[in-house]
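*Asks:* Whenever a hint applies, use it, and build me the whole structure from the sequences.
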Amino acid sequence: MQNRVSKRTLFGFIGPAVFGLAIVGIAPLLYAVWTSLHFFNLTKLRQVEFIGLANYWEVLTDEVFWQAMGRTFFLLGTALPLQIGLGLGIALLLHQPGLTLVKTLCRLSLVLPMATTYAVVGLLGQVMFNQKFGVVNQLMGGADINWIGDPQNAFIMIVFWDVWQWTPFVALVLLAGLTMVPGEVEEAARLETKSWWVILRYVQLPFLLPGLTAVLILRTADTLKLFDMVFTLTRGGPGAATEFISLMIQRVGFRAFDQGLASAQAVILLIITIVLAQIYIRLFYKEV
Amino acid sequence: MATIQIKGLNKFYGATQALFDVSLDIEDGEFCVFVGPSGCGKSTLLRTLAGLEAADSGSITIDGSDVTHAEPADRKISMVFQSYALYPHMSVRDNMDFGMKVNRFDEATRKERIAEAARILQLEDYLDRKPGQLSGGQRQRVAIGRAIVKNPKVFLFDEPLSNLDAKLRVQMRVELEGLHRQLGATMIYVTHDQVEAMTMADKIVVLNGGRIEQVGSPMELYHAPVSRFVAEFIGSPAMNVFEGRVTSGLTLKPSAQLVGCRPEHFELLAKGDGHIDATVRVKERLGAETLLYLDTGRAQELVARVDGDNEIEVGAEVGLGIPPARLHQFDAEGHALR
Amino acid sequence: MATIQIKGLNKFYGATQALFDVSLDIEDGEFCVFVGPSGCGKSTLLRTLAGLEAADSGSITIDGSDVTHAEPADRKISMVFQSYALYPHMSVRDNMDFGMKVNRFDEATRKERIAEAARILQLEDYLDRKPGQLSGGQRQRVAIGRAIVKNPKVFLFDEPLSNLDAKLRVQMRVELEGLHRQLGATMIYVTHDQVEAMTMADKIVVLNGGRIEQVGSPMELYHAPVSRFVAEFIGSPAMNVFEGRVTSGLTLKPSAQLVGCRPEHFELLAKGDGHIDATVRVKERLGAETLLYLDTGRAQELVARVDGDNEIEVGAEVGLGIPPARLHQFDAEGHALR
Amino acid sequence: DGHGWSLAKAAEPYAGTTVDVVFLLRPGYEAIEAMLPAFEEETGIKVNIIKHPYENALGEQVRDFVAQGDLDIALIDLVWIGNFAENEWIVPVEEIQASYPDIIDPDLDMDDFFPLVLNAFGGWNDTIYGLPFDNYSGLMFYNRCMLEEAGFDGPPETWEELKDTYGPALTKDGKYAFALQSKRNETQSADSFARVLWPFGGSFLDDEFKSNLMSEESQAGLKFRQDLMQYMPDGIVAYDHAETVNAFAQGDVAMITEWSAFYSTVVSPETSAVADCVEIAPEPMGPAGRKPALGGFSLAVAEQADDDEKAAAWLFIQWATSKANAKEYLERGGVPARQSVYQDEGLAETYKFIPALVESWQDGVPEFRPRFAEWPEITEIVQEWGTKMMLGEVTTEEGAQEIGTRMEEVLESAGYYDGDKPLAQ
Amino acid sequence: MTSTRSLFWQIVLLALVIAVCVFPFYWMVTTSLKTQVVALEAPPVWIFEPTLANYREALFDDGVLRTLINSLIIAVCTTLLALVLGVPAAFALARFEFRGKKDLWFWFITNRMVSPIVLALPFFLIARNLDLLDKHITLILIYLTFNLPIVIWIVTDQFRGIPYDLDEAARLEGASQFTIMRKICLPLAMPGVAVSAIFSFIFSWNELMFGLILTRSEAKTAPAMAVSFMEGYNLPYGKIMATSTLIVIPVLIFALIASKQLVRGLTMGAVK
Ligand SMILES: Nc1ncnc2c1ncn2[C@@H]1O[C@H](COP(=O)(O)OP(=O)(O)OP(=O)(O)O)[C@@H](O)[C@H]1O
Ligand SMILES: Nc1ncnc2c1ncn2[C@@H]1O[C@H](COP(=O)(O)OP(=O)(O)OP(=O)(O)O)[C@@H](O)[C@H]1O
Ligand SMILES: [Mg+2]
Ligand SMILES: [Mg+2]
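Chains as they are written, first to last, in the working numbering: chain A, 1 to 288; chain B, 1 to 338; chain C, 1 to 338; chain D, 1 to 425; chain E, 1 to 272.
No wet-lab data here; the hints were simulated from the structure. Even for Gly, the Cβ is constructed at its ideal location relative to N, Cα and C. Any given hint could be a false lead.
Unchecked claim - Looking from chain A toward chain E, a few residues come up when the C-beta cut is under 8 Å (computed): (1) LYS132; (2) GLN138; (3) GLY141; (4) LYS225; (5) ILE249; (6) ALA266.
Unchecked claim - Here are the simulated BS3-like pairs of lysine-lysine, each with C-alpha atoms no more than 30 Å apart in a straight line: (7) LYS130(B) <-> LYS260(E); (8) LYS7(A) <-> LYS76(C); (9) LYS260(E) <-> LYS7(A); (10) LYS111(B) <-> LYS194(A); (11) LYS101(E) <-> LYS130(B); (12) LYS7(B) <-> LYS101(B); (13) LYS130(C) <-> LYS103(A); (14) LYS260(E) <-> LYS103(A); (15) LYS153(B) <-> LYS194(A); (16) LYS130(C) <-> LYS102(E); (17) LYS194(A) <-> LYS101(B); (18) LYS76(B) <-> LYS194(A); (19) LYS153(B) <-> LYS283(C); (20) LYS153(C) <-> LYS183(E); (21) LYS132(A) <-> LYS421(D); (22) LYS7(A) <-> LYS101(E); (23) LYS203(B) <-> LYS283(C); (24) LYS44(A) <-> LYS421(D); (25) LYS283(B) <-> LYS130(C); (26) LYS194(A) <-> LYS130(B); (27) LYS101(E) <-> LYS111(C); (28) LYS7(A) <-> LYS101(C); (29) LYS132(A) <-> LYS223(D).
*Replies:* Structure (structure tokens):
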């Protein structure tokens with residue numbers, strides 16, 4: 001296929017999107033880069049001055065920043081495998097033939113977590129995980145677990161909600177990938193082996209890779225951006241147990257009002273995200 | 001190598017029945033072809049044999065052991081799919097290797113068998129390519145190679161040549177026949193191309209609407225079809241079947257309603273000399289042979305097949321003779337009368 | 001209705017050249033078939049004619065006007081794709097209507113033309129169905145209908161029958177021929193099935209590796225191929241071509257290296273009576289005819305085509321006679337010698 | 001009235017003006033909101049209230065002032081005043097008085113405000129900007145029934161006593177002696193960290209504005225908090241006001257030190273299971289005295305408002321904090337800062353917190369939390385390391401060291417150490 | 001070839017998935033029907049006398065209704081805008097040859113990765129200068145930064161899956177590229193368009209940070225409203241859950257209606 005169109009046609013199609021994104025996306029971003037090179041404290045706007053890379057230096061040498069970063073990647077490293085594992089399980093379950101009604105029901109209920117507002121998840125978490133009147137402790141046989149006030153438990157709780165909310169998305173993406181496997185190819189493999197694992201690993205997985213890459217990119221970006229749910233659930237506490245990178249940036253930028261520093265943090269975060277996305281694409285994405 | 005017994009097989013898809021009480025014996029080393037129109041249940045029967053579909057009743061025995069409820073992987077069969085079903089992300093070598101690897105064959109055996117299959121199928125130069133980089137014929141051979149290396153008791157083919165062009169189809173047909181001779185394995189082959197059926201089969205099974213219509217050797221089916229359906233299905237162009245009463249001078253059985261004659265069996269005579277008169281409407285020259293489309297003045301057009309050099313002109317009026325040995329007779333329900 | 005002149009066409013895909021200096025004249029109302037092996041440039045030539053690919057040099061004239069740089073839509077041609085390319089979300093009616101609608105034909109004309117096309121193609125009952133609800137043959141007809149309603153000067157077909165099964169292919173072939181007669185339009189038809197080429201073409205263009213190998217009527221190509229390539233390409237099974245020196249008793253031209261004889265032209269004689277001796281290795285019975293695969297003791301196997309009733313046995317030793325009129329001779333480069 | 005001044009008349013030129021103000025979701029604000037129709041009717045001024053939780057209120061206002069937005073009135077927590085004043089986002093009261101002599105209520109009587117409260121909430125660098133509006137003092141709420149059951153006939157006098165005597169006696173059967181809201185937000189720095197600093201003689205800063213957290217006194221206070229935690233519920237570091245008040249109201253905790261504003265919650269049978277047992281006392285004393293927590297808000301006219309809006313804004317502030325309305329405000333759940341209203345003996349019967357409140361407003365520490373512009377940054381640091389300290393992730397020394405270093409960095413870059421800025425807090 | 005036993009386990013697992021997905025939602029709804037006293041009862045009660053008071057209060061006293069309408073306007077408009085801008089761009093990425101295509105694609109996707117915290121303040125200041133604060137249009141525009149990439153990502157992929165033959169057939173008939181997109185490819189890419197519309201809607205509807213910072217009252221969004229009840233002083237759990245329920249219901253209805261398309265549209269095939 002070969003489809004070279006005139007510049008005018010091409011521009012007619014992509015122009016509006018590029019233009020639109022440039023305005024709403026690039027302009028503020030450039031502004032943020034500009035602020036990151038300045039001492040820029042909202043409550044001290046008279047003292048704005050160019051300070052070069054000093055903010056970046058401060059971020060890069062700030063232990064707390066890297067702790068938050070490490071915590072964020074720890075969350076990613078805990079939640080994402082769970083989401084992929086459970087999502088894959090659910091996708092495989094839904095991919096089996098038969099039981100149409102239950103499966104339709106299941107697919108519909110998968111939509112529920114995805115549709116739930118992130119901030120609401122946090123609020124709901126406060127209600128359900130409350131040590132005293134929370135239903136979670138009740139369901140665990142009247143356990144007296146302090147979820148929100150204990151650093152470790154609070155982290156587990158965040159993982160739980162992240163997994164609850166995003167596993168359905170992963171499941172649906174993987175299910176879509178599974179349906180891309182030609183039926184006869186799957187059957188050819190079934191003639192060779194009884195093991196579902198072998199079929200998954202050698203036959204279905206290659207078809208799942210594009211979807212998995214998409215999941216990796218989106219989930220990584222979203223985890224690095226994760227804010228609403230944690231903000232409404234623990235606000236980063238107790239201590240710094242759930243202070244992920246975005247909460248930290250928000251704290252620096254909007255509570256301590258040091259926008260220069262916050263912008264530098266955010267720019268570094270963005271660079272990390274983009275590098276990771278590129279790595280994912282290089283590493284995992286193979287065209288079937 | 002194995003014999004296969006199918007007994008009273010019924011298969012439903014939801015409410016629709018795809019197979020009706022199918023029973024069939026296939027000998028060890030036989031090349032058995034399933035033919036029939038689209039939707040008649042050929043694939044269903046094959047897939048039920050393979051275990052990809054569960055039989056609703058009846059039994060399947062391969063090599064003496066009942067496999068009706070066995071897993072596909074346990075039936076010691078290989079299957080070649082219409083779409084080839086190659087693993088798109090694996091090289092030719094890995095495609096062939098996969099089945100052996102997952103079944104933990106040792107390295108040496110695997111290498112050896114792949115080399116052997118590649119030699120037989122002339123795939124040596126392509127072992128490291130991906131299926132996407134192969135032509136249709138080559139893919140087909142890879143699919144067959146994948147089947148061979150398993151050393152199965154039974155090969156199943158579901159219209160393996162239907163995606164190939166005519167030339168390649170002929171070539172692959174010959175290759176498959178050679179393979180059958182070479183391996184001596186039992187092979188079951190689904191097609192709706194009766195040239196394939198005729199040339200390859202030891203035994204042809206004609207299916208119609210989920211039921212077995214006739215089982216026999218190619219020549220049995222060609223010369224002695226048990227029904228109008230089989231008569232018209234086998235042979236190309238199809239047998240001319242028409243009402244008996246339009247002929248003159250033929251002795252027909254009392255219950256014969258319809259008579260049939262293959263295009264290649266008409267004798268072209270002068271007008272009035274044969275059993276029916278007709279006018280040549282279209283002449284189709286195929287090189288080695290020529291087809292004549294003949295207008296009898298009735299709704300039904302007849303086809304005659306003559307030599308490539310035949311000089312008869314469009315518009316010529318001829319008489320068609322039917323040699324008695326070539327005459328087929330059918331009753332009102334389409335059953336052949338002998 | 002239109003004549004087509006192609007002059008010195010070259011076409012590159014990146015660095016690879018797909019067409020080499022192709023020149024060709026097609027008469028008004030002619031049915032012209034492009035044949036050739038896979039990858040020889042048939043589709044490329046057709047698509048360049050249609051304007052879907054731009055020519056790198058050379059010119060295309062349709063009906064006297066130079067269209068080399070015209071938009072596809074301005075060339076007054078219709079094209080039927082191998083995959084049909086029906087719009088899956090539109091009904092049959094809308095599929096046919098689409099082109100007229102975007103070209104702002106008035107309502108009455110559109111209705112009339114669709115009705116007319118549906119009548120010709122017997123699609124009246126299916127006008128409101130979606131392509132997904134049609135059989136292969138019906139889809140094919142819709143694709144043709146979509147081409148017809150535009151009332152084009154030229155029809156282009158790119159392997160339109162290759163997705164159909166053998167039976168349907170024969171049927172559609174006859175329908176297409178009828179259509180050609182009926183419309184009298186210039187048609188260009190790509191295929192690699194030479195049965196199609198032989199039966200349908202007024203003129204066959206044989207392409208090989210991006211070059212035109214021979215242009216001529218079917219019988220010209222069958223009887224007088226200009227090269228070994230054409231000789232082997234036209235006719236099924238292919239012409240037997242083998243070294244001249246293995247024969248005895250034939251008068252060959254001095255530069256003749258290779259001789260050829262079609263399977264249907266061998267005379268079966270007693271051993272030693274013909275020009276070559278051979279042993280029957282395989283006998284393939286196709287019903288109306290039988291193919292004999294003959295071992296001459298050399299690497300090359302010969303094929304002979306005999307009557308369906310021929311009684312010769314596998315293992316029999318025979319002599320093969322080549323009637324002088326049926327003998328083809330080629331020089332070392334494969335050019336035919338006359 | 002006698003002066004010939006009336007609200008209606010003063011407001012006449014400004015009728016139809018709308019003033020925008022940020023309010024919190026707290027009883028004091030609900031009280032004014034309920035009283036508002038009277039004001040609007042009388043003046044024709046429309047007050048547009050934008051509600052935010054405390055945690056968002058500062059950011060919201062800062063952004064608005066930075067962007068020269070719509071807010072005509074600033075709602076100022078006492079720790080924000082330095083920030084607002086130094087950025088000149090708010091107008092000094094004197095300036096209003098000079099510019100708009102006609103709208104000044106002759107009954108304004110600035111001296112009637114508790115001086116401590118007026119200066120701390122509304123004043124910066126000897127200038128008064130805002131009038132105290134929603135006013136708190138730290139009080140001790142205790143459950144008389146639980147204490148009596150354990151054999152105490154009154155609340156502890158000192159923090160030591162609370163820990164050593166009341167703690168063990170009241171912590172049992174899933175009940176706890178005490179709860180100190182310590183969530184990682186302003187409660188950590190204001191309600192928890194600062195609360196143990198001052199009574200033990202500690203402070204955030206010394207006279208040179210260097211960290212004083214490593215001093216013996218500061219450390220004593222912080223260590224005391226660690227020791228006290230054994231008598232507090234688990235997860236106290238996740239306790240905001242709501243959890244703390246709730247635990248007290250459900251009878252799970254015997255004593256809390258909370259803002260006066262929660263009085264209505266703990267004595268209302270609708271929200272409290274222990275309404276009948278609630279008693280109020282001043283916060284316990286430490287080695288350095290009582291030094292109770294001090295907090296509250298003032299309202300000030302925003303510099304960015306146009307002339308009419310400024311006048312209208314002042315009229316509203318003046319009305320909301322007026323002597324005349326103080327009683328109604330109190331009865332509707334607010335806590336006024338007018339001395340006159342508390343002279344009414346009858347009220348102290350109904351509102352048991354009044355004596356303790358009045359007492360604490362006599363000698364509080366205005367810089368209980370430093371009120372300079374850097375507080376928003378510093379409070380974040382204190383919140384982070386204060387909670388880590390409580391969780392045992394760092395020792396009190398390590399935490400204090402960390403806070404000190406970071407705090408000094410902030411103050412350094414703010415220019416306090418090279419004499420650019422006066423050492424005002 | 002599924003035995004009864006494996007069928008049983010399948011049902012058990014599916015039921016478990018359904019239960020885990022649905023339970024929090026169920027709890028949210030039931031809590032929203034509790035009075036504050038019931039909501040705080042420990043251990044929590046499952047059977048109680050439901051009250052609609054929380055809804056009444058949220059909807060009519062606190063103005064949640066208004067914020068829901070705001071959210072609806074914003075989410076619908078930004079979704080439509082993202083589709084209008086994104087679908088043609090996706091078509092160009094899927095169908096046209098031009099230099100820098102991959103880079104352009106990646107740049108589009110990159111926008112999805114930018115943390116809203118970076119953009120919020122600059123956007124706030126810009127919007128302030130243009131007098132766009134607290135206006136629907138501001139959020140509609142800024143939400144493009146995460147909706148447009150999603151639309152382009154999913155729809156490009158869908159367009160790629162449509163046989164190119166169809167384009168050529170239409171071109172031969174004289175259809176312009178725009179007609180080809182609108183009449184031929186778009187109807188066939190509907191699953192992808194629907195999915196990207198769902199996601200755009202969900203992401204916009206759920207967005208909190210921009211909503212908090214760029215709106216105040218006129219254009220205040222529902223999530224910003226829900227969070228604004230979170231005063232540390234006395235959490236009205238019932239009311240918060242009632243608001244939450246009101247927020248979740250519309251997007252849920254929308255998502256359930258379109259859920260059929262979800263799997264077909266989510267192939268995410270071509271990352272390149
Ligand atoms: N998965 C299925 N669900 C429902 N019906 C089916 C299914 N597979 C096949 N059928 C039906 O069963 C019958 C037999 O189908 P089958 O595929 O065996 O035919 P076939 O002879 O292989 O046809 P073809 O030559 O077209 O491949 C048909 O009527 C078909 O519609
Ligand atoms: N888009 C393309 N880009 C690069 N090379 C191409 C492209 N299309 C065709 N070719 C090459 O051009 C040559 C001619 O291809 P073309 O499709 O015309 O062959 P064909 O005769 O139609 O073959 P077939 O019978 O397989 O359809 C082939 O070598 C092919 O690989
Ligand atoms: Mg089939
Ligand atoms: Mg082609």
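*Asks:* Hint by hint, note whether the structure agrees.
*Replies:* Here is how each hint holds up against the structure:
1. LYS132: holds, 4 Å
2. GLN138: holds, 5 Å
3. GLY141: This hint is violated: GLY141(A) lies away from chain E, its Cβ roughly 11 Å from the closest one there, beyond 8 Å.
4. LYS225: Hint holds; LYS225(A) Cβ to chain E Cβ min 5 Å, cut 8 Å.
5. ILE249: Holds, about 5 Å.
6. ALA266: Holds: closest Cβ of chain E sits about 4 Å from ALA266(A), inside 8 Å.
7. LYS130(B) <-> LYS260(E): violated, 35 Å
8. LYS7(A) <-> LYS76(C): holds, 26 Å
9. LYS260(E) <-> LYS7(A): violated, 38 Å
10. LYS111(B) <-> LYS194(A): holds, 23 Å
11. LYS101(E) <-> LYS130(B): OK: LYS101(E) and LYS130(B) at ~26 Å, within 30 Å.
12. LYS7(B) <-> LYS101(B): violated, 34 Å
13. LYS130(C) <-> LYS103(A): holds, 29 Å
14. LYS260(E) <-> LYS103(A): holds, 12 Å
15. LYS153(B) <-> LYS194(A): Distance of about 18 Å is within 30 Å: holds.
16. LYS130(C) <-> LYS102(E): The given pair, whose Cα atoms are some 36 Å apart, is violated under the 30 Å limit.
17. LYS194(A) <-> LYS101(B): holds, 13 Å
18. LYS76(B) <-> LYS194(A): Judged against 30 Å, a Cα distance of about 12 Å means the pair holds.
19. LYS153(B) <-> LYS283(C): holds, 27 Å
20. LYS153(C) <-> LYS183(E): holds, 26 Å
21. LYS132(A) <-> LYS421(D): Given that 30 Å is the threshold and the Cα spacing comes to 49 Å, the pair is violated.
22. LYS7(A) <-> LYS101(E): Given pair LYS7(A), LYS101(E) holds - Cα atoms ~14 Å apart, limit 30 Å.
23. LYS203(B) <-> LYS283(C): Holds. LYS203(B) to LYS283(C) sits at ~16 Å (cutoff 30 Å).
24. LYS44(A) <-> LYS421(D): holds, 13 Å
25. LYS283(B) <-> LYS130(C): violated, 36 Å
26. LYS194(A) <-> LYS130(B): holds, 25 Å
27. LYS101(E) <-> LYS111(C): violated, 43 Å
28. LYS7(A) <-> LYS101(C): holds, 27 Å
29. LYS132(A) <-> LYS223(D): holds, 29 Å
Violated hints, listed in ascending order, are 3, 7, 9, 12, 16, 21, 25 and 27; each of the other numbered hints is respected by the structure.
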